[in-house]
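A.B. asks: In order, the protein sequence lines correspond to chains A and B. Last residue of the first sequence: 564 (the working numbering), numbering continuous. Last residue of the second sequence: 248 (the working numbering), numbering continuous.
No lab work stands behind these hints: they were computed from the structure. Fair warning: there could be bad hints in the mix.
[Claimed, not checked] Think about it this way: if two alpha-carbon atoms lie no more than 27 Å apart in a straight line, the pair counts; the simulated BS3-like pairs of lysine-lysine are:
(1) K553/A - K420/A
(2) K186/B - K76/B
(3) K193/A - K20/B
(4) K18/B - K328/A
(5) K118/A - K16/B
(6) K177/B - K128/B
(7) K115/B - K15/A
(8) K328/A - K16/B
Quantities reported herein were computed from a predicted structural model and do not represent experimental measurements.
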Amino acid sequence: MKEVLAMSKFLSLLKLQINSRFGLSMARYNFRNDKKELWKAAGLTFIIVIALGQVVFLYSYIMQRLYMAAQLLNSPQLILTMGASAAGLLILFFGIFYILGALFLARDTEFLASLPLKQNSIFLSKFILVLLGEYPIALFLMLPPVIIYGAGAQKGILYYITALICILFLPIVPLIISSLLSLCLMHIVSRSKRRDLIIIVGSIILFLALFVGQNLLLSRMPESGTEMEFLLEILQRSDGLVEWSGRIFPPSVWITKALSHTGAEALKNLGYLVLLSVVSFIPVWLLASLIYQRGASAQLEAEKRTIKRKLTYKGSSPIMVIFKNEWKMILRTPVYALNSLIGIIVGPVIMAMPLFGGSFAQDPDLQAISSLIDQFGSSPAQVLILSGILVLFGSFNAAVSSTYSREGKSLWILKSIPVKPQTQAAGKLLAGYSISLLCVITTSLAMVFALRLSFGLWLSSVVLSAAALFPICLSGTLIDLIRPKLHWNNPTEAIKQNFNVVLGMLAGVIIIMVLVALCYGFLQLQMSPVFLYGLVVLILAALSWAGISILRKAAVRAYRRLEG
Amino acid sequence: MIVVLSIKNVSKSYAKGKVKAVDDISLEVRPGEIFGFLGPNGAGKTTTIKMITGVLPIDTGTINVNGHDIDKDPIKAKMSMGYVPDTHDIYDRLTGIEYLNFIADVYEVSRKERKQNIEKYLDMFEMKQAAGQPIKSYSHGMKQKIILTGALLHNPPLWILDEPMTGLDPKSAHLMKEEMNRHCQKGYTVFFSTHVLEVAERLCHRIGIINKGRIIAVGTLDELRRSGDKSLESIFLELTDEGSAGHE
Ligand SMILES: Nc1ncnc2c1ncn2[C@@H]1O[C@H](COP(=O)(O)OP(=O)(O)OP(=O)(O)O)[C@@H](O)[C@H]1O
Ligand SMILES: [Mg+2]
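Using the sequences and the hints given, assemble the complete structure.
C.D. replies: In structure tokens, the structure reads:
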């Protein structure tokens, strides 16, 4: 009886969280009251489907090619391993931010703490909430290989059912690891004074540790014999290649075997997956029932410095006020800091990987880059390639395309202050742009060491990528301005679970592709370097100018329209 | 003597800092009593209430609600309380009725009682129409009414409110005061913080005044007056002024 009651309480909690997180009631209400809303939603869904459809198509195409290549190696099931490891790793790396956001930095912590609910029920409901949010990624990465392999091997209904079970269990282990890490981190945080700082530094360290740990796992090379013998041996065993490439994320090997084998072998591997998920959840759940609430409550308490700081009353220009305010908000909200500034750290880490040895040193991509650079000597092509890489890193900046969303319920402040919307947009754009610039600088410095660039090469690629990033950041800001996501319950939703961020990056990639195509064309024309740079800069300036005038108009219109 | 709420030597400083938001306070509240908790801004009222309701961990001391220790037996203690916080930052995207049903589930209110109570309060506050709409579309006062209703669904022995008057229109404020009276006539207890001294003067059986984290006076209005026929306002100003001047 008591258990039944506890269970129904828990289900009620879960229902509430899902409803609130995905805005189900809100959508129903909007549709009923306002038919236009329905059309808007339908239109948006259409755009999203088209945009995602292209990505899915591209991914499926790559998988198809890989499938054909893997067939030649006699292990077509390899694409399942690849899909599963990609999904597993992605969820592992980024899960830590989702989990931190949902478990510890959510706005409903205080409300939930006042209710007669066990802390492990609250933990479980939030865990499930994050898990549900991960399924789209798991489905996106797994379905194409599952279908390609299934069609190729002419699998039956049982195969697809097994695949579904595998996809359901795939994100659990990575999320358990993330939960464990964040529970421990927040436990330490709740016992210390400088909380925000420790959260930011701590989770960046965790992120890097995961990254390096994974790299070590990958670099476990054969103990004896030459590489050639090792490869031969791998190829001779039936699942050798699968096991070798799945060592980066062991559950992916089980998933592959559960799907490619039949009978007892398949069942055994499916069993491993399910068992590991369930068994590893138990200790984390028990730990949560001891330390979750403390860590969450600690987030309600602000640090009060005993050192008296002088209050400053210095004035700044309106643009600078907005710019500084953006930076303050980002630095003082751990979730924002993490998501916005991660590129500044990850970029150089990836670039510096060759210095540490390990498998990334043998990473074909990096080797390709470095040989490309060598090949061209000090020609403009070299500058263009380096800038292209820098722009790519700099454009993965979540701060830009969530700048209005992050205001959330406080948007009224922006609307009510006597600063022109255009000026505000400029301040916000500059703040986001400065983050991209920082990323370019740190990444390029790592490149200087890793690839031994000359000063001239470094300077010209930094300048060129800075120029190219401006219109890219502009487009991100514009996207968020037009349709900001203002209703959220925890800051993670504003930046991580915000579709504008995805759209912004997509737009960035499109701009980059166009620029790359143009530059490629120019190179073919054998122009003189001065003329070529001049042309590129001219194009970028024109793009920026057009972007600025659009942004200004859009800002005025958006401020009139948005209800905040 | 039976007590519904007992606070013993409780202290709290935020984020492990040196400044104490609540400094060694002790307090007992009895059944059938309306207890008013007064104090200037930043005195520690909200902090105390959050510790009673289990939202904030206590640094030292103990709090018992209806005989259950909030730290050791939080579920039982929370089941005996209904809490109306000072902010209304709750699930905006839910409808009012969804929120109320959730609260009823969590506090284990039976179907029958749930229907009866929800209907009664929605009628009383004229919220029947709004209940089906998202909380986001509510005004400040409407949100307050939904939270008030939620806190009363399970007939809590201890009803705790943090500045409940802010934002209510005169009629709703009146209804709420009546509801407080009715609650204590049933033998239950009301504990609330407020800045509206006239309300405290008229409604409360006993009053506690907190300043800078310390309780500086507790008692009935007559006891606080000590002598003469001073208004609560002049008592309040005198007491809290003394505190800040530093001679106790
Ligand atoms: N979340 C928090 N983090 C850090 N310090 C806090 C926090 N909340 C309150 N404080 C500090 O604790 C002290 C007591 O605050 P509290 O909110 O309890 O006052 P209050 O009596 O409710 O005031 P008011 O009448 O303004 O609501 C104040 O000094 C305040 O600065
Ligand atoms: Mg208060």
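A.B. asks: The structure should be examined with respect to each hint, and the outcome stated for every one.
C.D. replies: Results of checking the hints against the structure:
Pair hint K553/A plus K420/A holds up; C-alpha atoms about 11 Å apart against a cutoff of 27 Å. With a C-alpha separation of about 21 Å, the suggested pairing of K186/B with K76/B holds against the 27 Å cut-off. A hinted pair counts as satisfied when its Cα atoms are at most 27 Å apart, and K193/A with K20/B qualifies at roughly 14 Å. Proposed proximity of K18/B and K328/A is supported: the alpha carbons are some 25 Å apart, at most 27 Å.
The hinted pair formed by K118/A and K16/B meets the criterion: a straight-line CA distance of about 25 Å does not exceed 27 Å. The suggested pairing of K177/B with K128/B holds, with an alpha-carbon distance near 21 Å, which does not exceed 27 Å. Only pairs whose Cα atoms come within 27 Å are accepted, and K115/B paired with K15/A is accepted, the gap being roughly 20 Å. For the hint pairing K328/A with K16/B, the CA-to-CA distance comes to about 23 Å; that is within 27 Å, so the pair holds.
Checked against the numbered hints listed earlier, the structure breaks none of them; every hint is satisfied.
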